[in-house]
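Residue-level listing of the chains:
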Amino acid sequence: TQLLEQSPQFLSIQEGENLTVYCNSSSVFSSLQWYRQEPGEGPVLLVTVVTGGEVKKLKRLTFQFGDARKDSSLHITAAQPGDTGLYLCAGRNNAGNMLTFGGGTRLMVKP
Amino acid sequence: DTGVSQDPRHKITKRGQNVTFRCDPISEHNRLYWYRQTLGQGPEFLTYFQNEAQLEKSRLLSDRFSAERPKGSFSTLEIQRTEQGDSAMYLCASSRGLASITDTQYFGPGTRLTVL
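Order-wise, the sequence lines are chains A and B.
So for the first sequence, the working numbering puts the first residue at 6; every next one is plus one.
So for the second sequence, the working numbering puts the first residue at -10; every next one is plus one.
Simulated from the structure, these hints should not be mistaken for laboratory data.
The C-beta atom is built at its ideal place from N, Cα and C for all residues, glycine as well.
You may find that some hints are simply not true.
Stated by the list, open to error - Partial chain B-side listing against chain A, Cβ under 7 Å, derived:
id : residue
1  : G31
2  : P32
3  : Y37
4  : S76
5  : L80
6  : T91
7  : F96
8  : G97
9  : P98
10 : G99
Claimed, not checked - Non-contacting residues of chain B with respect to chain A, defined by C-beta distances greater than 10 Å in every case (computed):
id : residue
11 : D(-4)
12 : K60
13 : V104
Make a model of the complete structure from these sequences and hints.
Here it is in structure tokens:
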């Protein structure tokens, strides 16, 4: 069974601070996705990383896929209250038919 | 695209009752997935369909859970003889079904089930 562990589970910071969320596994994934989920809603895709060592930027968010395609990180620069939410990483299996999600990181950014 | 829709958004039922949830995928999406998300956890894969064929159902939590997609469009997830442990958010997702590792799954808003 492929497992993804996210850390930290909870993060409360002040507006303007930087933060990094980690997603680690002992398994190799064909691709890894990051989602953001707000209360009472479904996850919304932020980015997909495919190649080991790949770095993608989405405004103030920087995503990195580990060289061995087993881990990933999400870095947010100058966090804003609108960044508050649950951040989920999800690895895709080689058959491409299933996502395995991490437990999520609940981020709160205080004004 | 109108997005993935799910109905109902909330369901409260008594233990032992049967419940059925509906999911309407994005039109022309061939694949449809069901996930369960308990409080404080990430979604957990349950099953998926390629058109009307259910290709993976070994992850369904018990034989009380079943899913259908009879015409390859909308899908239903049924839970029989509900238990309090079934209380969770049930999420549906759809994708084009491309033979690609970037085939993106788009999620609906979920149905929140509470079993009393």
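Okay, the hints, checked on the actual structure:
The closest approach between the C-beta of G31 of chain B and any C-beta of chain A is roughly 3 Å, which is under the 7 Å cut-off, so the hint is satisfied. The beta carbon of P32 of chain B is positioned within 7 Å of a beta carbon in chain A (closest approach about 5 Å), and the interface hint is therefore held. The closest approach between the C-beta of Y37 of chain B and any C-beta of chain A is roughly 6 Å, which is under the 7 Å cut-off, so the hint is satisfied. Restraint check, S76 of chain B versus chain A: the minimum CB separation of about 15 Å is more than 7 Å; hint violated.
A least Cβ separation of about 5 Å between L80 of chain B and chain A falls short of the 7 Å threshold, and the interface hint therefore holds. Hint on T91 of chain B holds. Least Cβ distance to chain A is approximately 5 Å, under the 7 Å limit. With a least beta-carbon distance of about 3 Å to chain A, the hint placing F96 of chain B at the interface is held under the 7 Å criterion. Hint on G97 of chain B holds. Least Cβ distance to chain A is approximately 5 Å, under the 7 Å limit.
Interface hint at P98 of chain B: satisfied, since its Cβ lies 5 Å from the closest Cβ of chain A, which is below the 7 Å cut-off. Here the hint on G99 of chain B is kept, as its CB sits about 5 Å from the closest CB of chain A, short of 7 Å. Distance check for D(-4) of chain B against chain A: the nearest CB is about 14 Å away, which clears 10 Å, and the non-interface claim stands. Here K60 of chain B stays apart from chain A, with its beta-carbon at least about 21 Å from theirs, past the 10 Å limit.
V104 of chain B, annotated as away from the interface, keeps every beta carbon of chain A farther than 10 Å; the closest lies near 18 Å.
The structure shown violates just one earlier hint, number 4.
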